[in-house]
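Place chains G, W and C on chain Y using the hints.
There are 4 protein chains.
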Amino acid sequence: MRRDPLSEDTLNEECGVFGIHGCQSAGQMSYYGLHALQHRGQESAGIAWINGEGNLQCHKGMGLVSETFSNERLETMEGPRAIGHVRYTTNGSSQLLNSQPLVFNYRGGTMALAHNGSLVNASQIKRYLERQGSIFQTTSDTEVIAHLIARSAYDELEYALQEALSMIKGAYALLILQGDTLMAALDPNGLRPLSLGRVNGAYLLASETCAFQAVGGEYLREVEPGELIIIDGSGMRSVRFAQQTARRICSFEYIYFARPDSDVWGINVHQARKRLGAMLAQEHPVEADVVTGVPDSSISAAIGYAETARIPYELGLIKNRYVGRTFIQPNQDLRAQGVRMKLSPVKRVVAGQRVVMIDDSIVRGTTMSRLVHMLREAGAVEVHVRISSPPVGYPCYYGIDTSSRDELIVSRKSLEEIQSFLGADSLSFLSVDGLLRALDRPQSSQNCGLCLACFNGEYPTEIYPDTVMAKEVH
Amino acid sequence: MRRDPLSEDTLNEECGVFGIHGCQSAGQMSYYGLHALQHRGQESAGIAWINGEGNLQCHKGMGLVSETFSNERLETMEGPRAIGHVRYTTNGSSQLLNSQPLVFNYRGGTMALAHNGSLVNASQIKRYLERQGSIFQTTSDTEVIAHLIARSAYDELEYALQEALSMIKGAYALLILQGDTLMAALDPNGLRPLSLGRVNGAYLLASETCAFQAVGGEYLREVEPGELIIIDGSGMRSVRFAQQTARRICSFEYIYFARPDSDVWGINVHQARKRLGAMLAQEHPVEADVVTGVPDSSISAAIGYAETARIPYELGLIKNRYVGRTFIQPNQDLRAQGVRMKLSPVKRVVAGQRVVMIDDSIVRGTTMSRLVHMLREAGAVEVHVRISSPPVGYPCYYGIDTSSRDELIVSRKSLEEIQSFLGADSLSFLSVDGLLRALDRPQSSQNCGLCLACFNGEYPTEIYPDTVMAKEVH
Amino acid sequence: MRRDPLSEDTLNEECGVFGIHGCQSAGQMSYYGLHALQHRGQESAGIAWINGEGNLQCHKGMGLVSETFSNERLETMEGPRAIGHVRYTTNGSSQLLNSQPLVFNYRGGTMALAHNGSLVNASQIKRYLERQGSIFQTTSDTEVIAHLIARSAYDELEYALQEALSMIKGAYALLILQGDTLMAALDPNGLRPLSLGRVNGAYLLASETCAFQAVGGEYLREVEPGELIIIDGSGMRSVRFAQQTARRICSFEYIYFARPDSDVWGINVHQARKRLGAMLAQEHPVEADVVTGVPDSSISAAIGYAETARIPYELGLIKNRYVGRTFIQPNQDLRAQGVRMKLSPVKRVVAGQRVVMIDDSIVRGTTMSRLVHMLREAGAVEVHVRISSPPVGYPCYYGIDTSSRDELIVSRKSLEEIQSFLGADSLSFLSVDGLLRALDRPQSSQNCGLCLACFNGEYPTEIYPDTVMAKEVH
Amino acid sequence: MRRDPLSEDTLNEECGVFGIHGCQSAGQMSYYGLHALQHRGQESAGIAWINGEGNLQCHKGMGLVSETFSNERLETMEGPRAIGHVRYTTNGSSQLLNSQPLVFNYRGGTMALAHNGSLVNASQIKRYLERQGSIFQTTSDTEVIAHLIARSAYDELEYALQEALSMIKGAYALLILQGDTLMAALDPNGLRPLSLGRVNGAYLLASETCAFQAVGGEYLREVEPGELIIIDGSGMRSVRFAQQTARRICSFEYIYFARPDSDVWGINVHQARKRLGAMLAQEHPVEADVVTGVPDSSISAAIGYAETARIPYELGLIKNRYVGRTFIQPNQDLRAQGVRMKLSPVKRVVAGQRVVMIDDSIVRGTTMSRLVHMLREAGAVEVHVRISSPPVGYPCYYGIDTSSRDELIVSRKSLEEIQSFLGADSLSFLSVDGLLRALDRPQSSQNCGLCLACFNGEYPTEIYPDTVMAKEVH
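Protein sequences, first through last, are from chains Y, G, W and C.
Residue numbers for the first sequence follow this note's numbering, beginning at 197 and rising by one.
Residue numbers for the second sequence follow this note's numbering, beginning at 197 and rising by one.
Residue numbers for the third sequence follow this note's numbering, beginning at 197 and rising by one.
Residue numbers for the fourth sequence follow this note's numbering, beginning at 197 and rising by one.
With the rest of the complex left out, here is chain Y:
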């Protein structure tokens, strides 16, 4: 399965999780919920559920949710509790091994874990556990958490899990299913999103609120940083396993990852993006005839920019929806076709026009440089690139697949060099201040509620030397 040629030039979200407790169609509901979270990971999907006899079952596969679960399969997935996972993976022969939920047998029985995020001290703990005689079958941090639970001095999962959480550092939105209990834990910085909802009598947990809508449910509240939620036969309880710290959710949830119809910490993602675009227009206005956005993720920001700049918003680029799972490797002559297969300019919209092109971020810059070239070919007389986020100059250690620092165009080139590389008439990024203002956050990276590490290098947790070397993906 060769990957989308454009995906190499974006940040890639790692995972989405979904859980449900107290509904007879828990397996089917998870299917719908995961489907709504599909944009967070397309390479593997899995659901673990407790069946009618109280046993934990699990089905996983490579590919989309709708490809992994057939109708026949879903019919066998009756039962009251389930957790699910969609995963964006890197290539490797062990792909299916690493797909989630992971299921472990241990002295307490059988448990399934679904994890979104990345630990910064996984290697240290792994080394420690190996010294104690642990074996590892995956390259997933999740297995580290399972070992800590299994080795805990506590017999009860609730306490064993808290002990484990006290040892791990980094980003995690974690769902655990065992017997009649569903647990959810969010790291003390709240780096990953995790929301709580309800449908009929059942409790829901999901990376994004769009999954609640997908199953006809309603949003209750966010899971708090450092909060452990325990749902069992006697209802839901909340336990605090870590001191309250400053919440620091990943900024890119607003900028790029989350679905426009989701709300993240009370802010609608589409509206947030519109405001990012509006703020970008205030910070970096330009004389132009049309505003256009790179579909799909930059459309909201483009609309916001256009409204504020009072320049007409137009569909200047069209995305081909039928991209399939594999791409041919074009020969040397047709190399430029790669981007054209996915995006095409609308000539009549851009010909003879001064175009503002909005994108949400720039990683390596290769795709953007081709888009600028395509717009010029289509007759644009000026192309002004506006990016609705600050420059990404630092790698992420919390589970986002940024390139290593060397590949980040921002860390290698000056703004002028990038503009020249892109072939643009002008290039501007939203400032960090603009980002915070647009999201209506305090102007302090300490208590703005956002993780800005990839912009300013201020990581909310410790970072260890070997974390920097080996970024593991979940």
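In case anyone wonders, no lab produced these hints; they're calculated from the structure.
Treat the hints with caution; some may be incorrect.
Away from chain Y, derived, C-beta distances all over 10 Å, residues of chain G [unchecked claim]: (1) Q409; (2) G589; (3) D597.
To give an idea of the interface, some chain Y residues facing chain G are shown, with a C-beta separation under 10 Å as derived from the structure [what the hints assert, rightly or not]: (4) Q238; (5) Q409; (6) Y415; (7) L416; (8) P456; (9) K470; (10) E503; (11) I507; (12) E510; (13) I514; (14) I659; (15) Y660.
Heads up, the beta-carbon is just placed ideally off N, CA and C, and yes, glycines get one too.
Quick look at chains G, W and C alone, frame taken from chain Y:
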């Protein structure tokens, strides 16, 4: 392969064709061209090409272009001339048999045909040919054309084809490849789109101009109704096989089928849709807070409506991009999930708002009724449905998969009944006059240049009783 | 799908056919019947049946019968009449197009044809038909027959078919299904096998009697050369469409093609092969310690040789049953592995022994040369090769995939040269006289009842120059 | 993937292992070696190898060796050391998870394990390890061994493994690959086969000697019970990890599992089976006309019986070689077809004859009863069933998939009742004494060198109550 639950409630285009003459990578170029036409048909794809030894080869398969042609396959497809086809098919065990291009051996050698459209006298000719001893292996009109060519008194393909064309009636944009010759013919009413382009020294033919962009080519002109184009070693010639008649291209190319970045008869599709939306706003204004469109096809019209009505355009509905090839059949309780899996409202955008929802057409109305319901659930206080085309009250006999007359909601219910069925606060359709004005066409169905048959029942060709009974699909 | 490396060095049967009339499970019965005929062709399988509404349906696919027909598919195949086909095909992109049964619509309705054999005047008729305006979509002789039927002056299929049969020459065992009629025709020389049977009230037709056993049916008689059998609602009738000529069934049905449990013209195939082995022992005795056969086809002959020669029969070679559909292409160093993956010597059986190795035929000799080498490596002190058929020195024009004359080792080398090429201590072939004696046939190639053309070049039909050039495969 | 209907009525071997150290094509060689061991397990296949950079890689898949490893894959498998595994699995969603080799990261690095056999104290150790905090991701005993190694007080794999082996009981032929070391261990009773060989400079290890032939290698010796073999850069060493005990290889290796061309403990399997047949003829002679065997496994015994009884050996039953991977579920009327699809009688051989039918074993008896019925239908006047092994009356706890005791026909019915159930004219089993005599073993179950537990219930190791309850499959 179960079909998209939403597709049942739209009009479905039948085919796209692509041809190229005079380029060493004709096979690869066709791959890119067909990929750009993928929206015109997703169920089978095929390319016939003349290889280096001058032999005609053909490869076809069920599924998307990118699934049908592997990298290995494309590498074997060297040669200077090719035609390709994407097809929307109905189900049936003979699917692959009917996929195109069709290849025939006859006394003149081997020829390949790719056809978009539908003949209205196919059954009559078929009956006649069978009486003469012809056998048919497909249910495709294309085989009828091949028989007529093979049985012609003329030995030369050029004349034999003209003789054949003089006998068939209906809609066709036809490409034929044989030896060193590529031919293209458009029916005398020009019911289907077919454009001529160039890339380097090669000639291009395609259902839509977006395919020219996809291969780095440029648009020359439309193929004229009743024109036969012959491209061979000595260049391109144009022959008229039918008297000039009033051009009558299918209106739905503008309304729904064509890609926004294509130009059809000189009019950009995205801009045409914006004007349809603008005209709709003039004809059917409404007090409201936001305008939203059903993605993706109604976005342009929604932007046009919003601009004219001076109501903010918003992303009120989000489309899930990861729909995969199969859909589960939800159980009774989860039936409503079908639409939700594909479209979700953005609550924060619509809650407490009076919403204008733009769609391009209504066939059965079931999907729209669910969307209205979803918007209300999401908190919309009013939902005003505006359709950017006139009511579809008559079946199409030229290759568009409308339901039979009984299934068309417009032919069964009054406007009030439909509005009530949809649960909308108001419902309006663009008028036929509005459609013509928006496209800047004369206000006469005779010389407006458009086929309006599905709106007013005035078919530009004869229609025979058995055409009405047996609508064949290509 | 790469082919079995050993199959290149054998003669390959082209097809098997099966038909049934008068049983409600005609589709399922055909499935079982074709499965029993699977050895006659493994690359495609198909069944055409008349369903409950009297319509002709067809399902075909590449691969084995059990791969082509799922349980779900079979359940939809209810109906009283069916014909089926298994095919050995040569490679090519049009594989599925050429798979059978072929279904044609013509003035008489819809008919399906299943054909085993090859016509020697197909090119001539094809050329003639093309001149009349016929088109051809396959490279199959069967389409020629369909055209002749469709163009016949007779309206009734029975007479139209007879007219067609009067024009074609060569080898054919032909089944035709139309409406309530099943017809079977065998060429005037009876070159291909075709037997008639019954099960409950239904009539059966099959290439081999083993298919009757497979459906619990019983053998009635052979279809006669030049006989047309017509089965419809009023029972079975027999018509003679050609003068009685000398029957000439392909000798290789006895030697190699047919399954050991089949009877061909009253002779059991296993027993025939034992007698071939016994005759070989009489003609070419040798001092040796063990007799072994190349599995599976030469086992019977080896047992016969052993009994007559009074040398113990042993399993000297073991065949790996798990060969799968694809073979890796071993690198240069491991080339010799190809044969070893399929056959291995039993060291303890052959070490220190003088071994007689029986094979049924030699085409190119490459496999046999590797087997001799393997036996020597395993310790055999002498290897005496005995072939239970005469040398194949002439190509077959009746549908057997012999190599061209240049590739036949017998036509390029003397017996001594072949023996030396094989590395054998001695080499002998059964004589043509021995073949006839073993099968208890008169010692005259004219009325022996067998086609011996590949041994002696005496073809029972005319052979035309362009038949020699273009051997088409069905 | 539905299973072979006949396989339910046989004993099924669980695994085959192959290892190679010191050859640049270790991956490819393992492919050929595993292919030769394919009869020991067809449901999954895997190879772990050390690549050029010294890293351990692993590729596994469901299905045959030739299906799991493509040519492209094999080309990437360069490197000097490898181990491989073929597995017979029971159904379950965790199939691929349990397929081998299993790969573990632990404090000593990365190791791969391939295991044939079954431990009798796996549950006890697992419970113990879970109490210590271990987690289990598979249901395989192999994971238990990996845990023991990882938790050992010893850092060096060689000593850690010995410590682990000192704790486990049961049957195991175990290969371990780590870094530059390949280790092989055989349980102290030698219940499973494991042989040592060489090819060029490289060492080979395989479940059967036929795998040595397959790669052009030669047999050196058996691995001894309780022996640990260590192969690394400085050559091969042998260590004894357990006291010499009486060797007790599974009798069914001779009777049914091993390939006829393999030698097991110096006895050729084909010849052993012939002697079993000969002994059976001495113990249970019968007046008859032909002797036939159930293909393929009983052919050798049938030949032996025939020779001793001086009754002609014949091919009375033919096996259909094209059985494919899936079977349709025949409807009620066609249920009897199941066996017929796989085996057919040769009427001419059995009609009017008194037939001796040799089979190697009877488990449930359902297949045999259908075969007897088929022979009678084909005209056999008497059918005498002779089984070339003693009655299987006790379950196996060492990795053979016998049915539970209740399903074993021998433990439910008397000999007369079985004969009557089969519908046979007579029925006899080889005696245990006859088995030992035929294999030239001492007449004492203590030092006969064979495990006879399934015949006499004398298990060579302790058996624990929960072993009896939960037979795990590897």
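Interface hint status, K470(Y) versus chain G (Cβ within 10 Å): With Cβ-Cβ at 9 Å, under 10 Å, it holds.
Residue hint P456(Y), partner chain G, criterion CB-CB below 10 Å: 5 Å, holds
Min Cβ distance, L416(Y) to chain G: is it shorter than 10 Å? 14 Å, violated
Claimed clearance of chain Y by Q409(G), with the beta carbon kept past 10 Å: 5 Å, violated
Report holds or violated for the interface hint on Q238(Y), using the least CB-CB distance to chain G and a cut-off of 10 Å. 6 Å, holds
D597(G) and chain Y, when compared Cβ to Cβ, separated by more than 10 Å: Nearest chain Y Cβ is 18 Å from D597(G), so the label holds.
Interface hint compliance - E503(Y) to chain G, C-beta minimum distance less than 10 Å: Holds. Min distance 8 Å.
Regarding the hint that E510(Y) lies at the interface with chain G, is the smallest CB-CB distance below 10 Å? 8 Å, holds
Is the shortest C-beta separation between Q409(Y) and chain G less than 10 Å? Holds - the Cβ of Q409(Y) comes within 10 Å of chain G, reaching about 5 Å at its closest.
Against chain G, with CB atoms and a cut of 10 Å, does the hint on I514(Y) hold up? With a closest approach of 4 Å, the I514(Y) hint holds.
When you look at the beta carbon of G589(G), is every beta carbon of chain Y farther off than 10 Å? 30 Å, holds
Classify the hint on I507(Y) as holds or violated, based on whether any CB of chain G lies nearer than 10 Å to its CB. 12 Å, violated
Hint compliance for this structure: hints 1, 7, 11, 14 and 15 are not met, and every other hint is.
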